[in-house]
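Student: Sequences listed follow chains A and B, in order. Going by my numbering, 1179 is the number at position 86 of the first sequence; the sequence numbering is gapless. Going by my numbering, 1171 is the number at position 78 of the second sequence; the sequence numbering is gapless.
Hint data in this document are derived by calculation from the structure and do not stem from the laboratory. There's no promise every hint is true.
If you want the ones that stay clear, here's a sample from chain B, every Cβ over 10 Å from chain A, calculated [unchecked claim]:
#1 Gly-1131
#2 Asp-1145
#3 Val-1166
#4 Gly-1224
#5 Ile-1236
#6 Asp-1237
Partner residues aside, some chain A positions facing chain B, computed with beta carbon under 8 Å [what the hints assert, rightly or not]:
#7 Asp-1096
#8 Ala-1102
#9 Thr-1116
#10 Val-1118
#11 Gly-1120
#12 Val-1152
#13 Leu-1155
#14 Gln-1183
#15 Pro-1200
#16 Met-1204
#17 Phe-1214
#18 Ile-1236
For every residue, glycine included, the Cβ atom is placed at its ideal position computed from N, Cα and C.
Number of protein chains: 2
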Amino acid sequence: MVDILHRIATTTATPQAMYDALTTVDGLAGWWTQDTTGDAGLGGKVEFRFPDGGFVMEVEELRPSERVVWRVVDGPEEWVGTTVEWDLRQDGGWTVLLFAHRGWREPVEFMHHCSTKWATFLQSLKALVEGADAAPSPRDVKIDNWN
Amino acid sequence: MVDILHRIATTTATPQAMYDALTTVDGLAGWWTQDTTGDAGLGGKVEFRFPDGGFVMEVEELRPSERVVWRVVDGPEEWVGTTVEWDLRQDGGWTVLLFAHRGWREPVEFMHHCSTKWATFLQSLKALVEGADAAPSPRDVKIDNWN
């Protein structure tokens, strides 16, 4: 099992503000994909659609301003059954976010792609909570021939 | 042992052009850090300096337009002994780069940071070979309180 790991931080948004961007449909639509629908509450399912596919996440854990865990219940076969974990904390004047997409069965080329792509979306999330220009799909940053 | 993986691709630069950006001091200074010095030839050591530290890489493998491998011989303790691998190929009209920073002993928080930071530098490399604005240090994209 292999994981994708990332980290961002900001001085201009609270853990609560970042948590809201991860736990509301409007927040998620603001940085990941504009085509986000569903129920972002505990046990709910959120659908994230992109021009070429999408993901359905079940919300497994919610700890306000601290932690969010999703389980992938539909999407590319490499994603189904993996988990996406978001850990937030205050560190001095900074709000720090640790990201982990865990449980990949193999470090396939698609995992390389998804790792880089997650980094661009985390930059988009950082921009959103900082009040700058975010880049949710379909105006997301293109990194390669797979998007 | 855990790895950082990434992938970028471009239609506007050849594998040779990307290889040159990875195997010459001028190329490396154009996307990673302006303060790059040393010998980028096989067996040579290249020093990459940043405002708060840096890395020394020994060039372990060079296969023109195909593969570059560095071993980290100086830098943060988490990096020393790890390897950085660059694999290039032509895929239709695309030049595809697979990146792997292998051999981390533990998935420490610094590894989360470095994963996201590598993604921003790979975007900088992509911009450089596409003739757009690259962002080598010290004007690199800041992602968190560690840079």
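Student: Now tell me if each hint is right for this structure.
Tutor: Now the hints, each set against the structure:
no. : hint     : in the structure
1   : Gly-1131 : 27 Å, holds
2   : Asp-1145 : 15 Å, holds
3   : Val-1166 : 24 Å, holds
4   : Gly-1224 : 16 Å, holds
5   : Ile-1236 : 5 Å, violated
6   : Asp-1237 : 4 Å, violated
7   : Asp-1096 : 7 Å, holds
8   : Ala-1102 : 4 Å, holds
9   : Thr-1116 : 21 Å, violated
10  : Val-1118 : 25 Å, violated
11  : Gly-1120 : 20 Å, violated
12  : Val-1152 : 22 Å, violated
13  : Leu-1155 : 21 Å, violated
14  : Gln-1183 : 11 Å, violated
15  : Pro-1200 : 6 Å, holds
16  : Met-1204 : 6 Å, holds
17  : Phe-1214 : 10 Å, violated
18  : Ile-1236 : 5 Å, holds
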